[in-house]
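K.L.:
Let's have the full structure, built from the sequences with the hints guiding it.
Once you know that position 28 of the sequence shown is 33 in the working numbering, the rest is easy, because the numbers rise by one and skip nothing.
Hints were generated in silico from the structure; no laboratory data involved.
Just so it is clear, the structure is predicted and the values come from calculations on it, not from any experiment.
Each hint should be verified, as a subset may be incorrect.
[Claimed, not checked] With a Cα cut of at most 25 Å, we get these calculated PhoX-like pairs of lysine-lysine:
1. Lys-7 - Lys-40
2. Lys-7 - Lys-18
3. Lys-18 - Lys-40
[Unchecked claim] Restraint ranges, calculated between C-beta atoms of paired labels, are given here:
4. Leu-49 - Gly-15: 17 to 25 Å
5. Asp-13 - Phe-42: 18 to 26 Å
6. Leu-14 - Leu-49: 29 to 37 Å
No residue lacks a Cβ here, since even glycine has one placed at the ideal position from N, Cα and C.
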Amino acid sequence: MKLVRFGDLGQEKPGILDSQGELRDASSHFDDYDKAFLTITVWLNYKN
6 MKLVRFGDLG
16 QEKPGILDSQ
26 GELRDASSHF
36 DDYDKAFLTI
46 TVWLNYKN
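P.N.:
See the structure below:
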């Protein structure tokens, strides 16, 4: 799994490239891979 951005320049959306190589749109779950996203991701990984 890889985190990616896709779309037109300046209009990119967050996505996930899965193990099958399929691009999955993640924009319905969060706006971008920003500080808030990374903070909660690190916290959740640390907690578990």
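K.L.:
Mind checking the alpha carbons of Lys-7 and Lys-40 for me, to see if they're no more than 25 Å apart?
P.N.:
Given pair Lys-7, Lys-40 holds - Cα atoms ~18 Å apart, limit 25 Å.
K.L.:
Has the given pair, Lys-7 with Lys-18, been kept, meaning a C-alpha gap of at most 25 Å?
P.N.:
OK: Lys-7 and Lys-18 at ~14 Å, within 25 Å.
K.L.:
Leu-49 and Gly-15, beta-carbon distance inside 17 to 25 Å?
P.N.:
violated (30 Å)
K.L.:
Range first: 18 to 26 Å. Now tell me if the beta carbons of Asp-13 and Phe-42 are that far apart.
P.N.:
holds (21 Å)
K.L.:
Checking one constraint from the list: CA of Lys-18 to CA of Lys-40, max 25 Å. Satisfied?
P.N.:
holds (16 Å)
K.L.:
Tell me if the beta carbons of Leu-14 and Leu-49 are separated by a distance inside 29 to 37 Å.
P.N.:
Since Leu-14 and Leu-49 have Cβ atoms about 31 Å apart, the given range 29 to 37 Å holds.
The earlier numbered hint that this structure contradicts is number 4, and it is the only one.
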